[in-house]
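Residues 119 to 289 in the working numbering are what the sequence shown spells out, letter by letter.
If you are wondering where the hints come from, they were derived from the structure by calculation, not from laboratory data.
Careful, some of the hints might be misleading.
Stated by the list, open to error - With a cut-off of at most 20 Å between alpha-carbon atoms, the simulated SDA-like pairs for lysine to any residue come out as follows: (1) Lys131 - Glu185; (2) Lys131 - Gln147; (3) Lys131 - Glu196; (4) Lys131 - Pro178.
Stated by the list, open to error - If you anchor each label on the Cβ, the simulated ranges turn out as follows: (5) Ala208 - Arg273: 18 to 28 Å; (6) Glu137 - Ala208: 19 to 29 Å; (7) Asp132 - Gly238: 22 to 32 Å; (8) Lys131 - Ala216: 16 to 26 Å.
Quick caveat, the model's predicted, so the values are computed rather than measured.
The beta carbon of each residue, even a glycine, is placed where N, CA and C say it ideally should be.
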Amino acid sequence: MSTGALHFHFPSKDLLAREVEAVATVSVQRLVVREGAGGGGLQLLVDVSGDLVAALAVDPVLRAGFELGGDPSRKSAEGPGRWWGEWVYALLREAQGAGELARGVSPEAAAVAVVASVAGLGRLASRHRVRSSSHLVEQFWALLLPGLAAPSRRRPVLPGPRSAGTGRTPG
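Produce the complete structure using the sequences and hints provided.
Below is the structure:
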């Protein structure tokens, strides 16, 4: 697309950035919609995080949406990163209510760790051309799950490739 075409469709850089963020947010929302998944909130979080890292590794619009949302020069606090963070927090609150989280685990603190790590793993997989982002996500969850999951509950299965439409959203 030419610069002229961009200016025709988007009269300002801010409008272009907002559109990129909107498209990226929809991409994240599609990843988390998984009707009828079993295994609870932690399993859903493990599965979706693996899919998101894989998508960030290959989708330049999704990566750009996350980058724009973290740009301190922009006034907008919207975008896929914010949406993802709110979704993760809501899911972890649900998991806490269902007894899936270990005693003393704060859903807010866990959400910060998951959101930051998934964004970082996506960047790592993209920038370093990692062949298998699922291996990175598996290592992350192998480290985090023992302290996050309640010992009396069945621990979630570590991530593998999945397709959207096989789980649920929190709520």
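Any hints this thing doesn't respect? Which numbers, in order?
-> 2, 8
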